Amino acid sequence: MIEQETKGTGNMLCSRKLFDDSEKAYNLTEKEMIKVENICGKLCLIGADDDTLWNTGKYIRRMDERLKKTPHKCDYEVLVYRYGTHFVFPETLIKLLVPGFSKFVMKFIFKSAKEHADECRQTRIDIDLKLRKVMREWNNM
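Under our numbering, the residues of the sequence shown are numbered 929 to 1069, in order.
Simulated from the structure, these hints should not be mistaken for laboratory data.
Predicted model, so just to flag it, every value in this text is computed and none were measured.
Possibly wrong hints are sitting among the right ones.
Computed list of lysine-lysine pairs in DSBU-like fashion (alpha-carbon distance at most 35 Å, straight line) [what the hints assert, rightly or not]: (1) Lys945 <-> Lys935; (2) Lys945 <-> Lys1042; (3) Lys1039 <-> Lys1058; (4) Lys997 <-> Lys1035; (5) Lys952 <-> Lys935; (6) Lys996 <-> Lys1039; (7) Lys1039 <-> Lys1023; (8) Lys1023 <-> Lys1035; (9) Lys1039 <-> Lys1001; (10) Lys959 <-> Lys986; (11) Lys997 <-> Lys1023; (12) Lys997 <-> Lys1042; (13) Lys1061 <-> Lys970; (14) Lys1042 <-> Lys970; (15) Lys1042 <-> Lys1001; (16) Lys959 <-> Lys997; (17) Lys1001 <-> Lys1035.
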């Protein structure tokens, strides 16, 4: 299924349909849910809707709804972007991981990174800024 989904998409790998179809075929129970309410401390839920590996935006929104309805001790932030691909890393981290090749590598792996390069880069910059702020606040606690 992953091979079929990947073929002809312009992405190096796609598996989102596999996850979506699995969820449609099997009603999720409480047993399968991530118990985000048990996380103590600072929680940053970060993802992009153009993730071709799984439906990150949907899953993050589901965790957000769970936290809104369930008592919890964590301070959390939800950062879901329209573009950013599966690799929603801070821009500075991307440059550290693949210096000089980040633009090429991302565009090679994900079609959205090629078609929406500026938006994906802006997502990484925004994540970078927001995570730096979170880390400074956490460090000052």
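Evaluated hints:
no.	hint	verdict
1	Lys945 <-> Lys935	holds, 13 Å
2	Lys945 <-> Lys1042	holds, 21 Å
3	Lys1039 <-> Lys1058	holds, 26 Å
4	Lys997 <-> Lys1035	violated, 39 Å
5	Lys952 <-> Lys935	holds, 22 Å
6	Lys996 <-> Lys1039	holds, 34 Å
7	Lys1039 <-> Lys1023	holds, 20 Å
8	Lys1023 <-> Lys1035	holds, 14 Å
9	Lys1039 <-> Lys1001	violated, 39 Å
10	Lys959 <-> Lys986	holds, 18 Å
11	Lys997 <-> Lys1023	violated, 38 Å
12	Lys997 <-> Lys1042	violated, 38 Å
13	Lys1061 <-> Lys970	holds, 12 Å
14	Lys1042 <-> Lys970	holds, 33 Å
15	Lys1042 <-> Lys1001	violated, 40 Å
16	Lys959 <-> Lys997	holds, 17 Å
17	Lys1001 <-> Lys1035	violated, 39 Å
Of the hints listed earlier, those the structure fails to meet are numbers 4, 9, 11, 12, 15, 17, in rising order.
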